[in-house]
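Participant: Could you use the hints to bring the two separately framed chains together as a complex?
Spelled out, the chains give:
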Amino acid sequence: DQQVKQNSPSLSVQEGRISILNCDYTNSMFDYFLWYKKYPAEGPTFLISISSIKDKNEDGRFTVFLNKSAKHLSLHIVPSQPGDSAVYFCAASATNTDKLIFGTGTRLQVFP
Amino acid sequence: NAGVTQTPKFQVLKTGQSMTLQCAQDMNHEYMSWYRQDPGMGLRLIHYSVGAGITDQGEVPNGYNVSRSTTEDFPLRLLSAAPSQTSVYFCASKLGSIDGYTFGSGTRLTVV
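The listed protein sequences correspond, in order, to chains A and B. FYI, the numbering for the first sequence is 1 to 112, going by the numbering used here. FYI, the numbering for the second sequence is 1 to 112, going by the numbering used here.
In isolation and in its complexed conformation, chain B is listed as follows (with noise of 0.2 Å):
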């Protein structure tokens, strides 16, 4: 059982490049949400979705765009990367409302 998958773990772009980040998980969740994190600003939510096909924009959604296709996928595409960009995401996922996520690895991204 993998859980919450997160690729790559690691990631350097160019300002105004494109990119996706990848998660994934294995455990029928239908919750599922994208959070950054930055020093001093704790954990922010990006994106979420309740289930298959349905997203919703969270605290800090621009620059960014989301899809949730399949149950089990949820990437997130930073359109034009820029600086601010830099941070490192967090996926999670959980089965219900009242559940606790369960977050992946997380990926460190820098946009220089």
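Next comes chain A alone, as it looks inside the complex (with noise of 0.2 Å):
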């Protein structure tokens, strides 16, 4: 069963503009949220993280929001650059396992 769910395979955005991907969970004991990026051929590498205790967190370009109630995530990147493009997986964890479990990814074009 999965536990983070990315639904959109893909996204397609004009650079310039803001691309949004979106991220749901199922276990409502992770409480530690993170946001990868992959390039093809590397490993993924660390973007951006929230905390259960909060519900938005900024970083330049990159921002996460967290809905609790929901049980649902999102990252949203302004302005979308070309160099954006890349697979991006949400993850999750709970402090009492220490498993980070990802999702499926997103694939974003970012199109000039």
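To be clear, the hints were calculated from the coordinates, so they are not data collected in a lab. Idealized CB from N, CA, C, for every residue including glycine. You may find that some hints are simply not true.
[Unchecked claim] Heads up, simulated DSBU-like pairs for lysine-lysine below, C-alpha to C-alpha not over 30 Å straight-line:
1. K9/B <-> K54/A
2. K9/B <-> K5/A
3. K37/A <-> K99/A
4. K71/A <-> K5/A
5. K56/A <-> K37/A
6. K99/A <-> K9/B
7. K68/A <-> K54/A
8. K56/A <-> K68/A
9. K68/A <-> K99/A
[To be verified] Just so you have them, the derived chain B footprint on chain A, three or more residues with Cβ under 8 Å:
10. 32–44
11. 74–86
Facilitator: Below you can see the structure in the form of structure tokens.
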């Protein structure tokens, strides 16, 4: 059973516009959430995280929003750039287990 | 500073063969994990460790063994390779429970 779900396998956005990537989770014990970015033939790289005690975290062009009641988080990229084209993974963990569970990923393409 | 080093980068095995995927980190990180990436499945946790001498199972542990005799190394052993274990394997490490993982560049394994 997939505990972390990314229902959109792909997203295409024009350069300069906003990219919104979505993630849903089912395990109510999850209290820490992360986003990773992955280019082909490379390992994922950490992008941004959020604790369940917050509902928003910003880092430059990247903002993560958490809606605990809906068990939903999203990553906003503004403005989107061609170099943002990659696969984005959502991940979640519960502090009592230390397991980090990933979603299936969303491929973002930013076109000029 | 090498980060997380995985060897080999590519490997072809015959069904039934055994092998060890090596993972080493030089950042004095306590936490280490092994993931496999398959098309449409995202990253799935195989085994993880929260410190030397401590390991635990992830989402898909069957067919794999791990040990953590030192902080630096976290090898993954395939006991009897099967075609279903054809995948890209990523090792990752992090300092503390709320930190983001640093990933290696991956090992592409094909079992024929």
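Participant: Now tell me, hint by hint, if it's right for this structure.
Facilitator: Each hint tested on the structure:
1. K9/B <-> K54/A: 39 Å, violated
2. K9/B <-> K5/A: With a Cα-Cα distance of about 29 Å, the restraint between K9/B and K5/A holds, given a limit of 30 Å.
3. K37/A <-> K99/A: Given pair K37/A, K99/A holds - Cα atoms ~19 Å apart, limit 30 Å.
4. K71/A <-> K5/A: Distance of about 11 Å is within 30 Å: holds.
5. K56/A <-> K37/A: 19 Å, holds
6. K99/A <-> K9/B: The hint holds at about 25 Å.
7. K68/A <-> K54/A: 9 Å, holds
8. K56/A <-> K68/A: 11 Å, holds
9. K68/A <-> K99/A: Holds, at about 19 Å.
10. 32–44: holds (count 7)
11. 74–86: With 0 residues closer than 8 Å to chain B, the region 74–86 of chain A misses the three-residue bar; violated.
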